[in-house]
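*Asks:* Given next are the chains, with one letter for each unit.
Protein chains: 2
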Amino acid sequence: MTTQKLASSVQGLQSSAIRELLKHSKMPGVISLGGGIPNPELFDHEGLKMAADAVLSTHFGEAFQYGLSEGYPALREAIQQLSADRGIQCAADDVVITSGSQQSLDILARALINPGDTVIVERPTYLAALQVFSLAQANIESVGTDGEGMIVDELEARVANKPVKAVYIVPTFGNPGGVTLSEARRKKLVELSKRYDFVIIEDDPYSEINYTDEVFRPLMAHAKAIGNQDNIVYTSTFSKILSPGTRVGWVIVPEWLKRAVVNLKQTTDLHTSTLSQLMTYEYLKTGRLPGQIAMIRDAYRHKYQLFASELEAELGDVLSFHKPKGGMFLWAKMNNGLNTTRWLEKTLSNGVVYVPGEFFYCNDPDYATLRMSFVTATDDQLKEAVKRLKASL
Amino acid sequence: MTTQKLASSVQGLQSSAIRELLKHSKMPGVISLGGGIPNPELFDHEGLKMAADAVLSTHFGEAFQYGLSEGYPALREAIQQLSADRGIQCAADDVVITSGSQQSLDILARALINPGDTVIVERPTYLAALQVFSLAQANIESVGTDGEGMIVDELEARVANKPVKAVYIVPTFGNPGGVTLSEARRKKLVELSKRYDFVIIEDDPYSEINYTDEVFRPLMAHAKAIGNQDNIVYTSTFSKILSPGTRVGWVIVPEWLKRAVVNLKQTTDLHTSTLSQLMTYEYLKTGRLPGQIAMIRDAYRHKYQLFASELEAELGDVLSFHKPKGGMFLWAKMNNGLNTTRWLEKTLSNGVVYVPGEFFYCNDPDYATLRMSFVTATDDQLKEAVKRLKASL
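Top to bottom, those sequences are chains A and B. Just so you know, the first sequence maps onto residues 222 to 614 in the numbering used here. Just so you know, the second sequence maps onto residues 222 to 614 in the numbering used here.
Okay, chain A solo, but in the shape it has when bound (with noise of 0.2 Å):
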């Protein structure tokens, strides 16, 4: 009766696939490939115990105060230190936190898209990504990815062609593609970027989780190496190498776009969980994230592998996947052309399920696609998601 006094920008807004799938994957029996969350069996308990500890021993008052809008200051350095082991040089005020990297991506939304503004993605690219930047309304179009990423090519031809005002591109590890952008076409994207003055959105929340010892740098270290640092800006998180459930992210943004990105923080949620800041860098000072980091690394990997080969060995005539060097999915499609969403239903009454691949497109959807997360299922039960997919066959 009253729907019609919705904005017109949140009536298509809809409810992501994941959160659907989620309902699913907690039925008893059930092995979920669905999720995109980290294994809480890897939190380190006793890395975040102490620093609760010292939060609240040395902290108390700030920490449940109000704090600055740009985020704690101390983390902000902190966060700058280990961009430079990214190979990512900044100052601690070009760094704002923010509630996890799904803000991060919609207050750059928010700051830079106008109507009817085109925002180029990959296909497939990270759903809720789509919904941000529908929810802003832009003109969403997408570009190609095979086993090296994005195909920068393809983009070529299209910047070349029409203004586009920014690329949002997950390029190492990505969600859902599990694919990597190779260097040469990272250098082609910031060069395309510079030439065709286009905002580089660069989401990088999985670059640590990295199967390989092959070193990815990332776009915004290509982008200041030619000069086109007002053309980048770089988000990530520690959902997945520390805890998701704090939701402490960042965005590393060029000095233009600075007061409009702290303005929106402020105007959006005043400013990140002072408590969940302070616990993140009570945690970054006891040291402990690089063996984290290693452990979940280890740990990851070693599913990937016994899942890809499980997959090769099972149903390797049946679907095909690029290998990812790293992250958290294994994106496949079915050679003879499967609709996935239809036959969900029938992996469901087997007891498996993953996300269809057609959640991941602006347009035109590769109903063959599936995404299927390995990180959190015990390495029996991905051999039983194996062979319940080929039972549903």
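Source of the hints: derived by calculation from the structure; they are not laboratory data. Just so you know, these numbers come straight off a predicted model, no measurement behind them. It is possible that some hints are incorrect.
In this list, chains with the same sequence are indistinguishable; a pair is considered to hold if it fits within one copy or across any two.
Only pairs whose alpha carbons sit at most 30 Å apart, straight line, appear in this in silico DSBU-like list of lysine-lysine [said to hold, decoys possible]:
(1) 415 with 445
(2) 386 with 524
(3) 247 with 479
(4) 247 with 506
Got chain A; can you put chain B on it based on the hints?
*Replies:* For chain B alone, coordinates are given in the frame of chain A:
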């Protein structure tokens, strides 16, 4: 150079005056009446420590993992009970947890306001609400207030004339005005909302900080009593009664608005810090909140009485004010029409800051007004602040 890339909606977005003032207020020797922050000396150290212990020992996995966008179920149930105590009957399912009232307002604005829609606010009104509605590109208009809060007859003349989407109001111990909407006006306001079909956004951060035994029924209770539950949204927070730093607030929304609000919550930051939510839930379980509220009421009432009597004794002929019945703010007007924005420079040099009134108006500010908060200064500082104001005349 590249600021032309900013979205048009953020180009006019200003940092709040409070933010700027907080810088001054930290200068050595300066007494701040400028902040809108609770007194951290009243934080319940022992209770929060108990809550933290409970979270770490019994909710460890949950506290650091992703959660539901609607909020932690047991906390939503606890808020349902707390709402019932305030006179609001609702289901736990009507409660959506947010990262503080500021986020509640932002989400509601995004859910309801199309660019150009009219939102009516009080004169004066909460400054950060003006930022939110301005970001939503609302047409913001205002209605005057007197000692009984918003002048609802003036509102009637306006809404009878042209359509209005929403009325934003802090009806109880308002910020900045310190006034409380009378019972008769509450009834009239919800009747108008029914007759002229606009949404009331009832912002209630302060009602527990009641200096009297008088009971002020929430607008939502009045609205439900006349079958107008579809035109009212209620938002509140733990910021003023427990801890602002954890950033935990909530909205109570009618059925037709629920999906949009939850989808927006998901799109903007997935969910509120699970750690903060569990801390709040475990704190509520200790049963200490009523005692904590009683202590805050006593302390703030004492400070208010001291400050008000000093003001009357020293500056009674220079400024006038309505006596607040609760809350954190005293709103005054200089009888000689002194411009308080300009005066601030002088009072600052004498070591006392307040917030000039002009920032709390959407247009045609009354430059002779000012907002003073008395809750963080010591008794001696309050007395000294009044002396310094007098010396600045």
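*Asks:* Pop the pair residue 247 and residue 479 into one bin, within, between, both or neither, using alpha-carbon distances up to 30 Å.
*Replies:* Between copies only: 23 Å across, 41 Å inside.
*Asks:* Should residue 386 paired with residue 524 be assigned to within, between, both, or neither, using CA atoms and 30 Å as the limit?
*Replies:* Intra 39 Å, inter 53 Å, cutoff 30 Å: neither.
*Asks:* Given a CA cutoff of 30 Å, do residue 247 and residue 506 count as a within-copy pair, a between-copy pair, both, or neither?
*Replies:* Classified as between: cross-chain Cα gap 27 Å, same-chain 36 Å, threshold 30 Å.
*Asks:* What label fits residue 415 with residue 445 when the C-alpha limit is 30 Å: within, between, both, or neither?
*Replies:* within (11 Å within a copy, 57 Å between copies)
Going through the hint list in order, the structure does not satisfy hint 2, though it satisfies all others.
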